[in-house]
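Sequence lines, in order, name chains Z and H. Counting along the first sequence from 1, when you hit position 187 you're at 1026 in our numbering, and nothing is skipped either side. Counting along the second sequence from 1, when you hit position 72 you're at 911 in our numbering, and nothing is skipped either side.
Do not rely on the hints blindly, as some may be mistaken.
It does not matter which identical chain is used: a pair holds within one copy or between any two.
DSS-like cross-link-like pairs, simulated, lysine-lysine; straight-line CA separation at most 30 Å [claimed, not checked]:
| hint | residue 1 | residue 2 |
| --- | --- | --- |
| 1 | LYS1025 | LYS1077 |
| 2 | LYS1025 | LYS984 |
| 3 | LYS975 | LYS845 |
| 4 | LYS1038 | LYS915 |
| 5 | LYS1077 | LYS915 |
| 6 | LYS845 | LYS915 |
| 7 | LYS887 | LYS845 |
Derived from the structure by calculation, the hints contain no laboratory data.
There are 2 protein chains.
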Amino acid sequence: MPEIRKDPVTGNCVIIATERSKRPHDFTRPYELKRSENCVFCYGNEDKTPPEVLAWRPQGGESNSPGWTVRAFPNKFPAVTPDGDPVPFEAGISQVMAAVGAHEVVVDSPDHFGSLGRVSDEQAEQVLLALAERYKTLSQDSRVKYIQVFKNSGATAGASLEHTHWQIITVPVMPAAFLAEFAGAKQHQELNGTCIYCKIAADEIAGMERIVEITDEFVVCSPYASRFPFELWILPRKHEADFGCLNKSDLKSLGCLVRRTVRRLERAFNYPPYNLVVHTGPPEKGFDIFHWHIEILPRLSITAGFEWGTGIFINPTSPEMAAVTLREIDPDVRQDES
Amino acid sequence: MPEIRKDPVTGNCVIIATERSKRPHDFTRPYELKRSENCVFCYGNEDKTPPEVLAWRPQGGESNSPGWTVRAFPNKFPAVTPDGDPVPFEAGISQVMAAVGAHEVVVDSPDHFGSLGRVSDEQAEQVLLALAERYKTLSQDSRVKYIQVFKNSGATAGASLEHTHWQIITVPVMPAAFLAEFAGAKQHQELNGTCIYCKIAADEIAGMERIVEITDEFVVCSPYASRFPFELWILPRKHEADFGCLNKSDLKSLGCLVRRTVRRLERAFNYPPYNLVVHTGPPEKGFDIFHWHIEILPRLSITAGFEWGTGIFINPTSPEMAAVTLREIDPDVRQDES
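When you get a sec, could you build the whole thing from the sequences and use the hints?
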């Protein structure tokens, strides 16, 4: 029997359409073959990107040369512009503001054919440390209202280049999606005196039916009102509003856990397209009740007319079934079955 | 210079990334070839669908037999269930309700290789009359809070069957996307004493820069804060909250205009995937200030991590450029160039 479930934070509804229930092998899709030709993110092509803003070269070496493990640089085709002042919206029907901000790329492996799920644990740690360092630097800009850290993997998930990478975009407005989550968290805080995300993490650990992995610092679960089949959240067990406040030890743990979680999806669906999205409080003060977390959205289904019209997602896989499937997968197997 | 534009109704922001500006020929994509094998929506296979709930046979004929021009029946794999009571959500973290509702398919042409843009004007009229008739019938069910009428065209827009069709899904909850539009309309009404959609229609006609077509009854324009490249809205010039209240004459005009508008996209992008979404007030009373309209969302770009994280869509094509392109296309040419 199909169910309507309500997201406990935003109140958004989803339909868990169990009649259409799908198991992993039902999600057939063309495998996105990598080609490697003339990749601007590969060693030797550092001059084809804008100059780097961060790079780690364990063996040393010059800027914008090979030998890096992680490398960040401005996006050559940015969606926002670094120069200008974001003059606030004025009243009226046609409200507009310069899209002032930074748009950076963080390449998380020099291996063109690599994937985040197969990098070494040390590499995974370095990736999160690099993202956090860029996050902190970008948050110094007083024009920045919000920093979106995300990863698109696979062409059908919006990755225009196939070499594994993350992106960071800063915007001069407070995004609606963040405000909706913050409003839900605030309402729960006012009614109950507690953080709703802390409660979700604790409830999921107590119930176990949607848990994929638990570590000392984090919970990985398929959320109760999953919009996407096999959607996963990584929730920190310690309350912290801002991704930029994580210490080195937390970032390293997170890096390993992100890799493990992505690896489960890679093994379950033969490298599915996915979006990995960091949800964080903004750099400015006053949002301490928020609880940063990561959402991983496998793109195994298609958002279509019903979803665009209603905002209600139809999900053919219950999060309980998703969790059972994914927690049985060993994320430490980096070799693919042939 | 990229701009952040704010939707005048919902307040949602989009980035019009003019630096990434794309013209029609930049939107290359694989053409979705139709195969026709064993199509359950074709003549002769009427027994392979659930029994029809509406069908028009100009020459007469038995139910569930060939000879129809438009045919509606319950979806064989419904996302909602017809039986049961939608007991309201209770308090708590895990709120759930039976997804009670109807899920119907309306096949808008017997021609497997047909498309909505190429049907005759008479056929286009019949399609809208059929949709409205089903809408009215479904709105009699007191469990129904909202009726979503939509069309997915093309596999990458979520159409699981390639034979042209529409869908109608009723839900026992008021969808978040409707409530957001209604809240914006209400706020404008309270501040200005007028309907914001009426104002948008009038402003667009006055400004002309985003207009694709104007008729006595409707305006077709690319909206100021378009989320998708070549997004189009069909706005009625007469204020009316509920799609179900349209009279026969309006429905016939609308049918022809929907066909013309879809034909422009078909000709510009060689049958692009798209979602066509009716936005209407709900059947229940109290929503008269709403203004029903249609949104057509060509799926030429990919909604990715940034959009899911922020709710801010990055659109590489300004609506002004989209309107110029589409209004120059003659929608009365039904023949494709070879």
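Exercise for review: Could you figure out if LYS1038 and LYS915 sit no more than 30 Å apart (CA to CA) within one copy, between two copies, both or neither?
Suggested key: For LYS1038 and LYS915, the Cα distance exceeds 30 Å both inside one copy (42 Å) and across copies (39 Å).
Exercise for review: Go through the copies and call it for LYS975 and LYS845: within, between, both or neither, with a Cα cutoff of 30 Å.
Suggested key: between (34 Å within a copy, 28 Å between copies)
Exercise for review: Have a look at LYS887 and LYS845 and pick one of within, between, both or neither, based on CA distance no larger than 30 Å.
Suggested key: Classified as neither: same-chain Cα gap 47 Å, cross-chain 35 Å, threshold 30 Å.
Exercise for review: Please work out whether the CA atoms of LYS1025 and LYS984 approach to 30 Å or closer within one copy, between two copies, in both situations, or in neither?
Suggested key: For LYS1025 and LYS984, both the intra-copy (19 Å) and inter-copy (28 Å) Cα distances are at most 30 Å.
Check your understanding: Which holds for LYS1025 with LYS1077 at a C-alpha limit of 30 Å: within a copy, between copies, both or neither?
Key -> within (18 Å within a copy, 40 Å between copies)
Point to revise | Intra- versus inter-subunit Cα pairing at 30 Å for LYS845 with LYS915 | key: Only across copies: LYS845 and LYS915 sit 26 Å apart there, 40 Å inside one copy, limit 30 Å.
**Study point:** Homomeric proximity label, LYS1077 with LYS915: Cα distance no greater than 30 Å
**Key:** neither (37 Å within a copy, 46 Å between copies)
The earlier numbered hints that this structure contradicts are 4, 5, 7.
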